[in-house]
Amino acid sequence: MSPFFIITGFVTLLGAAFAMSLRNLVHCALAMAVAFSGIAALYLQLDAQFVGFAEILVYVGAIAILIVFAILLTRSGEAPEKSVLTSGWMAGIAVSALVFTMLGWAVLNSSAIPKETPPAPVATVKNVGDALMTKFVLPLEIIGLVLTAAMIGAVIIALKEDSQKSKSEVGGYQ
Amino acid sequence: MIWIVKNLWLIPALPLFAAGIIAVNKQPARKLAATLAIGSMALGFLLSLCAFSATLGHHGEGAFREVFSFNWIQFGGQWMDIGWVLDPLTAIMLVMVTFVGMLIFIFSVGYMAHDENFMRFFCFLALFASGMLGVVIANNLFLFFVSWEIVGLTSYLLIGFWYHKPSAAAAAKKAFITTRIGDLGLLLGMVWLYAQTGTLNFYTPEHTGCLETAALNTMLAAPPVAGFAVVTAIGLLIFLGAVGKSGQVPLHVWLPDAMEGPTPVSALIHAATMVAAGVFLVARVYPLMSIGGIIGAHGVPVTTSLTVITWVGAITAIFAASIAVAQNDIKRILAYSTVSQLGYMMMGLGVGGVAVGMFHLITHAFFKALLFLGSGSVIHGCHEEQDVRKMGGLKKYMPVTFAVYAVGMLALAGFPLFFSGFWSKDEILHSAHNWPVSHIPFLLGCTGALFTAFYMTRQVALVFFGSYRGHEDRSAHGHTAPDHSHSSEFHSHDPHESPAVMTVPLIILAGFAILLGFVGTPAWPWFDGYLTGEEFKLDFSKLAEPGTLGLMVASAAIVFTGLGLGWFLYGKRQRKTVAEKDVLEAAQPFIYKLLENKYFIDEIYEATVIRFNAFAARLCDFADQWIFGSAVLLVKYVTVGLAWLYRLTDEYFVNLGFDTGCEALREGGGGLSKLHTGRVQTYLRIIGVALVALIIFLIWGRKA
Amino acid sequence: MSPLQACLLISALLFAIGFAGAVTRRHAILVLIGIELMLNAANLNLIAFWRFSPHPEALTGFIFVLFSMAMAGAEAAVGLALIIAIYRHKKTSNLDEVKELKG
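Residue numbers (the working numbering), protein chains in the order written: chain A, 1 to 174; chain B, 175 to 878; chain C, 879 to 981.
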């Protein structure tokens, strides 16, 4: 519970809050990046250095950029005219408040929480690599397959259709 | 068992088969129909001769009687028999019915030649013959009644043969209903007889039949019912059947109207055979009628039943004879004559026994059939004219018919010595004279004989003598006969002689009308001896006995008086025109009118019995409509009400329940489908709520 | 409050914020951002539990998080491809108007 920890946590949450509430989508993406960075800092503080750096690489470096690209491709850069909130947003706020209440209450009243901090684990890259190749080799391979499938799927879904084909398809719907 | 007794059933069965085959044949097959009918009767005649010869020669040992029965149907624990009996009574009736029937069939071939319903006529005739022969041979109350009913049915069918004539249809209905009243008595009597004796058979080899002495003695010992001895009551009930069928007073009203049928029908059914069935019935159950009484003169029993029969017969004889005097239709005169002669037969049975009555029946069959057929020939020759006032002088147009008709008339009147009617009627009068109870039937019989001679002479004189009066109306209105084929002789409406197919049977019948008398004379009482089985021999001295000779002379005198009176009034002073009043009518208009209108019996019946019947019918109709009709309506309304209730239940409970259920389901589904907004964020919210719920459930589960 | 509880509370709050944004905002990409935040909160939760577990040298939670991140990346790619495809088809990225599954 060092102050650094509290500040990092606060920054993360602030970033997340801004990410969810700003009008301009690009601002939201930037705030999201800040939130991801904060989470990476939290990982570093929890002695999961590899995960922290992987977070920066994957989330900030890839996913955030990807989102920016999507904003670009869907012409969502301009400020929207109407309300940014969907219909029935109050129900959503209520449900999320409920969820947080539930989780928080569970956490605070739990009896399985250990009181003292265990010693810092050794999570070097070598250990991670060993674990991946021996104990977790099957999930590794499956992840590889899934990633391949996702990549192919994403390409196919986002593929621009042939203009003629799209016209004929549209005609077929009539 | 002689083969003829075993095969006696063939005699009625052959005409039955003939009738059946004729009935199913396509028209027209006239030759086939005539051949079948006449052939079956001829074969029956031959078989009857065999039967007759089997019964001959048994006098002296008691009467011949052989029966043949077989089990027919089983009900309960007992078997019911059907059977036939061959005794002299049966044999003589068989011979007479088949012979006369055959001759009349041959006559009908000529008479009905122009009728288009030739086949139907012969079918009914054959059916009638089979029924009549069944009556004759029956040894069993059941078979007897069945055949009796067949005879009644065919009589109805034949009287109403020309059914499109309303008078014929009405006459047929009247005949059937009137005889039905008699048949009711017969049925009651037969059922009572069966109940009393326990058997339906008349005679059995073990002598247990209901007409045998053992059973009759048992019945005599039975306690009286309503003042009548049992035998008397049964006898009178059975006699009621004979009253209906044989046209005794008061059920005689159908016979004259039955003349609406064709003349062969009148000859066969209403002269020779069917009406004789009533007399035959009394003769058949004579042991029943005659037991228990005192024995009168000449061994003739006197019982209550026989006394009643005698009185009814005597009244009928005089009654009908008096009406016949004033009739103008040639067939009606003969019809009333038949009623009168049937009365004589009944009287004969009552005072003299079976032989006396049956002798007159046999002779009467021949000469009455002859007279009817002769009148048929006359009608045919006069182009369907039946009124005697419009005939006359036919002697020169139809000589053969005149000759045979004269023979028949003399036989009926009872011309002495040579004609059969004299001998048979004399027997009756002789027995009536000796009747211990009363002499009135004798006197009535004598008066009736006088009338008989008188009206027959009147008829013959009006028809055959004088000049032909038929031309007068011909010029006024044209030819009315519908099926007359002598169109080539249209220029002359003169009467003509009938063809040989019609005259030859007449001649044969005339021969028998003469010859048959000689089998029943007192000098040689063959008939008597044959039927009763007693000894007799040819003895002319019997004729000279005082009682017999006196009676013969007296009856001859009566006959000559009647003949002379008739000739004097009608033969010598011929009427010139049709419209001229009858001599008697001029003399005694009131009595003549009474006689002409049959003593207004028909009108009396119409006013009383018929009216009552119509009232009863209306009452029944009313009851049927209102009581049964209401019951039916009630059932109908209950059913309709129930159906309406079912519909109500179905529509409002079942259907509504079902429909409401389906509606609720659909609305529920509709409501639930609103959850599918298609918007992802709604789904997410619900997932969030579900997550919370799951966590609560898990945590609390853990805690517990 | 132990450090674990603090971490868990932070992750819970992060999750709630991400959830609130996902079910409230109209734009599809913002829903995706919310989903990424929720995933990250879960990852944080996992790392916290790994750090304070009795045997952290087994690296179970660690590896789990690595895989989770890989999946998040794949899922983000596909999701964004979907959004682009929908935008191409319906010319909008407003989730209120994508209601084809309405039943």
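There could be a bad hint or two in this list.
Claimed, not checked - Here are some of the chain B residues that sit facing chain C, going by a computed Cβ distance under 10 Å:
| hint | residue |
| --- | --- |
| 1 | V783 |
| 2 | N787 |
| 3 | A791 |
| 4 | T834 |
| 5 | H850 |
| 6 | R853 |
| 7 | V854 |
| 8 | Q855 |
| 9 | R859 |
| 10 | A864 |
Since the hints were made in silico from the structure, they are not lab data. Just so you know, even glycine gets a beta-carbon here, dropped at the ideal spot from N, CA and C.
Hints, one by one, checked against the model:
no.: 1; hint: V783; verdict: violated, 93 Å
no.: 2; hint: N787; verdict: violated, 87 Å
no.: 3; hint: A791; verdict: violated, 81 Å
no.: 4; hint: T834; verdict: violated, 25 Å
no.: 5; hint: H850; verdict: holds, 4 Å
no.: 6; hint: R853; verdict: holds, 6 Å
no.: 7; hint: V854; verdict: holds, 6 Å
no.: 8; hint: Q855; verdict: holds, 5 Å
no.: 9; hint: R859; verdict: holds, 5 Å
no.: 10; hint: A864; verdict: violated, 13 Å
When each numbered hint is compared with the structure, violations occur for hints 1, 2, 3, 4 and 10.
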